[in-house]
Amino acid sequence: AQSVTQLDSQVPVFEEAPVELRCNYSSSVSVYLFWYVQYPNQGLQLLLKYLSGSTLVKGINGFEAEFNKSQTSFHLRKPSVHISDTAEYFCAVSDSLVAQGGKLIFGQGTELSVKP
Amino acid sequence: GAVVSQHPSWVICKSGTSVKIECRSLDFQATTMFWYRQFPKQSLMLMATSNEGSKATYEQGVEKDKFLINHASLTLSTLTVTSAHPEDSSFYICSARKPGNTGELFFGEGSRLTVL
Chain A
1 AQSVTQLDSQ VPVFEEAPVE LRCNYSSSVS VYLFWYVQYP NQGLQLLLKY LSGSTLVKGI
61 NGFEAEFNKS QTSFHLRKPS VHISDTAEYF CAVSDSLVAQ GGKLIFGQGT ELSVKP
Chain G
1 GAVVSQHPSW VICKSGTSVK IECRSLDFQA TTMFWYRQFP KQSLMLMATS NEGSKATYEQ
61 GVEKDKFLIN HASLTLSTLT VTSAHPEDSS FYICSARKPG NTGELFFGEG SRLTVL
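First to last, the protein sequences are chains A and G. Going by this note's numbering, the first residue of the first sequence is number 1, and it counts up by one from there. Going by this note's numbering, the first residue of the second sequence is number 1, and it counts up by one from there.
If you are wondering where the hints come from, they were derived from the structure by calculation, not from laboratory data. Glycine is no exception: its CB is placed at the ideal position from the N, C-alpha and C atoms. Any given hint might turn out to be false.
[Unchecked claim] As a list, the in silico EDC-like pairs of lysine to aspartate or glutamate whose alpha-carbon atoms are at most 16 Å apart:
hint : chain 1 : residue 1 : chain 2 : residue 2
1    : G       : 20        : G       : 88
2    : G       : 66        : G       : 87
3    : A       : 103       : G       : 104
4    : G       : 41        : A       : 88
5    : G       : 41        : A       : 8
6    : G       : 41        : A       : 95
7    : A       : 69        : A       : 88
8    : G       : 64        : G       : 88
9    : G       : 14        : G       : 104
10   : A       : 49        : G       : 104
11   : G       : 66        : G       : 88
12   : G       : 55        : G       : 65
13   : G       : 20        : G       : 65
14   : A       : 49        : A       : 64
15   : A       : 103       : G       : 59
16   : A       : 49        : A       : 95
17   : A       : 115       : A       : 16
18   : A       : 115       : A       : 15
[Said to hold, decoys possible] To spell it out: a stretch of chain G is covered by chain A in this simulated footprint if at least three of its residues, at any positions, have a beta carbon under 8 Å from a beta carbon of chain A; those stretches are:
hint : stretch
19   : 33 to 43
20   : 108 to 116
The shape of chain A in the complex, shown without the other chains:
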């Protein structure tokens, strides 16, 4: 069975500082990993995804994540955050492509709060 653990429920950070949101997963088979962002009272927007290939994945809004198979991690990073990055961030895992019937399992979420 798959599971996702986001190690920090809340991450406060000052504007222009770097940030890392941590995500660890467990999966017994192939793994596909995603990061989504949710602004208040809105649905989810895909930030980036790892399906295969390069372990360093770049996404929208200056975010990137690195797939580390040995540590079963997929941490999200941004070198310099903005106030507008304040939102809830979800890590998700699937054991097969959605096109092949895979379902996303979401982590508990990390609330990123960027302060001026």
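Please arrange chain G on chain A, whose structure you already have, making use of the hints.
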């Protein structure tokens, strides 16, 4: 990116009544849609997988007679909360799978249900 729209965004109803939430893929045909439930400050819990032209597949612990799902066309899935009670109050989010190799998911804006 593709667009998925939910309606209504907010709904308040009396206990015992039924509420219907619509999920539409506006610019692509979605043979598969997913319905999630999200409690405050918590993650998304998959409720069911909605397949066009067939019965929905419900996750363990989700009452199919309580949460009726209909996927009558390639662009519309509906979730009906029957005989709603205050404990059904939640944020309901749908996602639609876009055709293609990876079948990327696109999420609706969510619908907040409050049962009085």
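So, going through the hints one by one against the coordinates:
For the proposed pair residue 20 of chain G and residue 88 of chain G, the alpha carbon gap of about 13 Å is at most 16 Å, so the pair holds. At most 16 Å may separate the alpha-carbon atoms for a hinted pair to count; residue 66 of chain G and residue 87 of chain G meet this at roughly 12 Å. Between residue 103 of chain A and residue 104 of chain G the alpha-carbon distance is near 11 Å, which keeps this suggested pair within the 16 Å criterion. About 9 Å separates the Cα atoms of residue 41 of chain G and residue 88 of chain A, which keeps this hinted pair within 16 Å; it holds.
As the CA atoms of residue 41 of chain G and residue 8 of chain A are separated by approximately 13 Å, the hinted pair is consistent with the 16 Å bound. A distance of roughly 26 Å separates the Cα atoms of residue 41 of chain G and residue 95 of chain A; the hinted pair therefore is violated under the 16 Å criterion. Proximity of residue 69 of chain A to residue 88 of chain A is assessed by CA-CA distance (about 25 Å); at most 16 Å being required, the pair is judged violated. Pair hint residue 64 of chain G plus residue 88 of chain G holds up; C-alpha atoms about 14 Å apart against a cutoff of 16 Å.
Between residue 14 of chain G and residue 104 of chain G the CA atoms are separated by roughly 37 Å; this puts the pair beyond 16 Å, and the hint is violated. A C-alpha spacing of about 10 Å is found between residue 49 of chain A and residue 104 of chain G, which places the hinted pair at or below 16 Å, so the restraint holds. Between the alpha carbons of residue 66 of chain G and residue 88 of chain G the distance comes to roughly 10 Å, so the proposed pair stays at or under 16 Å and holds. As the CA atoms of residue 55 of chain G and residue 65 of chain G are separated by approximately 12 Å, the hinted pair is consistent with the 16 Å bound.
For a cut-off of 16 Å, the pair hint linking residue 20 of chain G to residue 65 of chain G stands: about 14 Å separates their Cα positions. Between residue 49 of chain A and residue 64 of chain A, the direct Cα distance comes to roughly 9 Å. Compliance with the 16 Å bound is thereby established for this hinted pair. A hinted pair counts as satisfied when its Cα atoms are at most 16 Å apart, and residue 103 of chain A with residue 59 of chain G qualifies at roughly 11 Å. Taken as a hint, the residue 49 of chain A and residue 95 of chain A pair is honoured in the structure, with Cα atoms around 13 Å apart against an allowance of 16 Å.
At roughly 9 Å between alpha-carbon atoms, residue 115 of chain A and residue 16 of chain A fall within 16 Å of each other, so this suggested pair holds. Note on residue 115 of chain A and residue 15 of chain A: the hinted pairing holds, with a Cα-Cα distance of about 6 Å set against a maximum of 16 Å. Here the stretch 33 to 43 of chain G counts 4 residues with a CB under 8 Å from a CB of chain A, which clears the bar of 3, and the coverage holds. Only residues whose beta carbon comes within less than 8 Å of a beta carbon in chain A count, and the stretch 108 to 116 of chain G has 4; three or more means the coverage holds.
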